[in-house]
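Undergrad: These protein sequence lines are chains A and B, in that order. Numbering follows the numbering used here, in which position 303 of the first sequence is assigned residue number 289; successive positions increment by one, without gaps. Position in the second sequence (from 1) plus 2 gives the number in the numbering used here.
For the record, the hints were derived by calculation from the structure and aren't laboratory data. Just so you know, these numbers come straight off a predicted model, no measurement behind them. It is possible that some hints are incorrect.
What the hints assert, rightly or not - Derived lysine-lysine pairs resembling DSS-like cross-links, with alpha carbons at most 27 angstroms apart:
1. A:433 <-> A:408
2. A:315 <-> A:51
3. A:455 <-> A:192
4. B:44 <-> A:275
5. A:413 <-> A:109
6. A:358 <-> B:44
7. B:44 <-> A:315
8. A:433 <-> A:63
9. B:44 <-> A:232
10. A:51 <-> A:63
11. A:412 <-> A:129
12. A:313 <-> B:44
13. A:324 <-> A:257
14. A:74 <-> A:9
15. A:408 <-> A:358
Stated by the list, open to error - Short, incomplete list of chain A residues facing chain B, as computed with Cβ under 8 angstroms:
16. 224
17. 226
18. 228
19. 280
20. 344
21. 347
22. 348
All residues carry an ideal CB built from backbone N, CA and C; glycine is no exception.
Listed below are the residues making up each chain.
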Amino acid sequence: MTKLLAVALAGTLLIGAGVANAKDTITVGMVLEPPGLDPTAGAASAIREVTYANIYEGLTRIDAKGEVQAGLAESWKISPDGLTYTFKLIHGVKFHDGTPFDCSIVQFSYGRAVAADSTNAQKQLFEPIASTDCPDASTAVIKLKRPTALFLFDMGWGDAVMLSPKSVATNKTNPVGTGPFKFKQWIPGDRVELERNPEYWGAQPKLAAVTFKFVADPSSATAAVLAGDIDAFPLFPAPEAIDQFKANANFAVHTGTTEGKTILALNNTRKPFDDVRVRQALAYAIDRKALIEGAQSGYGAPIGSHYTPGDPGYIDLTGVYPYNPAKAKELLAAAGIKPGFTITLQLPPPTYARRGGEVIAAMLEQVGITAKLVPIEWGQWLDQVFTRTDFDATIISHTEARDLDIYARDKYYFNYSSAEYKALYKKFVEATDPVTQTALVAALQTKLSQDEPNVFLFALAKVGVANAKLKGLWDNDPVPANDMTGVSWAE
Amino acid sequence: MSAWRSAGLLTGAAITALMVAVALVALVWTPYPPTAIDIPHKLAGLSAAHPLGTDPLGRDVLSMLMAGAHASLSVALIAVVVGAGLGVPLGALAAARGGWMDDALMRAADLAFAFPALLTAVMITALAGPGAANAMLAIGIFNIPVFARVTRGSARGLWQRDFVLAARTSGRGDIAITVLHILPNIAAVLLVQATIQFALAIVAEAGLSYVGLGTQPPQPSWGRMLNDAQTYIFRAPLLAVFPGAAITLSVLGLNLLGDGLQDLLDPRVRRQR
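Based on the sequences and whatever the hints tell you, model everything.
TA: Laid out in structure tokens, this is it:
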């Protein structure tokens, strides 16, 4: 009897040890909770930070370095005039709901994105598409209205993923894609759980389950990572606590770049921001170096236009509006703004906005502008600022890559409108020769810097902390994503 | 009254007077403007220029503490005034009328007590929007039943006393008796209660500001200073110590003052000694 018990005990211990060794789940921390899980129905990066490459896939995908890789299309050919793209689709791919993936899905997904009632937040990516034809089930031929330089990159965005026609109505709460992970459950206010898709067409991911946990508060985030409740926090909200993690061998600190262009967005149709002198004055009034130091503990790079230093064709315009409070006051006086003028500054939850807001308010005070700080929740920001454009100014990071197009749109929340910029942008997307493209990218950045529709602050650094045993996490953040396909635990 | 007790009273009065003085001085003068950032000098240690150092944005901690004293005390003062201003008349009414009026008012007070005060204050500020004014109101509302209870409890006994009967036989109405005879007799109890509620209101304001529902940035507040200090706890632990000490000290001072006043003013307690 004793012997039997001993054997049973030993067995239990062995099983216990086995489980402990082969950890195959991960909890990933995020600051913002997505408003829904349908990447074709919202602008919030958090949607794609959960779904991209995990649940949904597109014809192409963007890798950790920001380069275009094959996705659901294994290869493609581009006609010499740049107008016809022939994609060879991967055979045997199935959606999580069993729907087979073929050319009709491509037709459906892109057709839905360009439709008049499309809810896609990046509709302009699909606008150049003239037609999608299916010569056979595994070939998609896409004809464009005009050459589009970034088309393959654009189709790798989290917004350009393939959807099963059966699930489009319910993707917001029950996302269905072709990816290596399936949606398991979403506990609002807390977490989203994904589990491995055993029928995935590609290599099986090493992780059996992924949990995305939402923690907005910097000190709670620090505590959760220290306690091991969160294994990885790729965009960590407490840069001041980084040294503490660097000193601890159990944790690895990943620093890299993101596409996050942090701006002081101004409502360009609201007085006094319709006056370019006022916008330029604000640009002179802000000491970007001190802001990065104060709000981000020094992580981040100043920018002078809506483009990050890592982007192709970047030009350094940070010297156009050096920190110069005297010049700012002069411009404000010229624009008829009296000292004591009050503006309202809406601050969404991320640290760059909440802490950055306090720093910017103090800097504006120096030039005679009183900024009333209004901390708002993420859903409220999306509704009041982004959708209804009811705001004076806000601090926000635009995480979409190479999104110079937002200034060429007819209606976007900061209400910038410049015929000259629109014409330049049109020339840029239609250019096929790389030299002209580079020149035009530079011209676009310069034009934005001249008009300063928003005050360009800094490129958000990617400062992440993770358990030192985790492998395969992205160092940079070229697109909003937490791609878990290559992530695993060291033995 | 023992010497120890009177030492408590004096200490409490001194600490409270100091806090009030600091809060008043902060209105007109602080070493630096409390919201002025100076990022090159962030997280500076204790020095002659910055006696209590600087915070992560280079703001002078001493100036912030002083301005925070003003924010804390003014929220607490208004909250107590709101609570006493409505609670005392209601309690006095219940004691004067008795009967169903007394029952209804006291059961309503019981109902209000059944909700955790701070949680409900969180709910009120969440509904009405964060801010110092709403925090005052939320904390004040929860002071109403406290004052109503104390007033009613102390006043009821008095209504049976001979001098009240005498006043009544000479034709005085309820209101006149309450104002002329009842309130002066329970003033000591109310004063003691007010100091206790004042201390609780300071803690409540700090709590609300800590979770982001009280005094809003950039106005300094002890609760928010504590929250801001949290992620710096290993780099600059003193940032959390100073606002924490300020809250503790002011609450301690008010409680000592309240205890001392009770001994001094309540004749029954004095007789027992």
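Undergrad: Below or equal to 27 angstroms on CA atoms is what counts here, so check residue 44 of chain B against residue 275 of chain A.
TA: holds (13 angstroms)
Undergrad: Would you check the hint for residue 44 of chain B and residue 315 of chain A, treating anything up to 27 angstroms between C-alpha atoms as holding?
TA: Roughly 26 angstroms between the alpha carbons, so the hint for residue 44 of chain B and residue 315 of chain A holds.
Undergrad: Under 8 angstroms is the threshold here; is the Cβ of residue 347 of chain A close enough to any Cβ of chain B for the hint to stand?
TA: holds (5 angstroms)
Undergrad: Between the alpha carbons of residue 74 of chain A and residue 9 of chain A, is the straight-line distance 27 angstroms or under?
TA: violated (37 angstroms)
Undergrad: Are residue 413 of chain A and residue 109 of chain A close enough, with their CA atoms no more than 27 angstroms apart?
TA: Roughly 19 angstroms between the alpha carbons, so the hint for residue 413 of chain A and residue 109 of chain A holds.
Undergrad: For the pair supplied as a hint, residue 44 of chain B and residue 232 of chain A, is the alpha-carbon distance within the 27 angstroms limit?
TA: holds (21 angstroms)
Undergrad: Does the structure keep residue 433 of chain A and residue 63 of chain A at a Cα separation of 27 angstroms or less?
TA: violated (35 angstroms)
Undergrad: For the hint on residue 344 of chain A, just tell me whether its beta-carbon gets within less than 8 angstroms of chain B.
TA: Nearest chain B Cβ about 5 angstroms off; hint holds.
Undergrad: Does the alpha-carbon distance linking residue 412 of chain A and residue 129 of chain A stay inside the 27 angstroms limit?
TA: holds (18 angstroms)
Undergrad: Quickly compare the C-alpha distance for residue 313 of chain A and residue 44 of chain B to 27 angstroms and report which way the hint goes.
TA: With a Cα-Cα distance of about 26 angstroms, the restraint between residue 313 of chain A and residue 44 of chain B holds, given a limit of 27 angstroms.
Undergrad: Does residue 257 of chain A sit within 27 angstroms of residue 324 of chain A, going by the straight-line distance between their CA atoms?
TA: holds (14 angstroms)
Undergrad: Hint validation: residue 280 of chain A versus chain B, beta carbon distance must be below 8 angstroms. Holds or violated?
TA: holds (4 angstroms)
Figure legend: structure checked against the earlier numbered hints; hints not met, in rising order: 2, 8, 14, 15 and 18.
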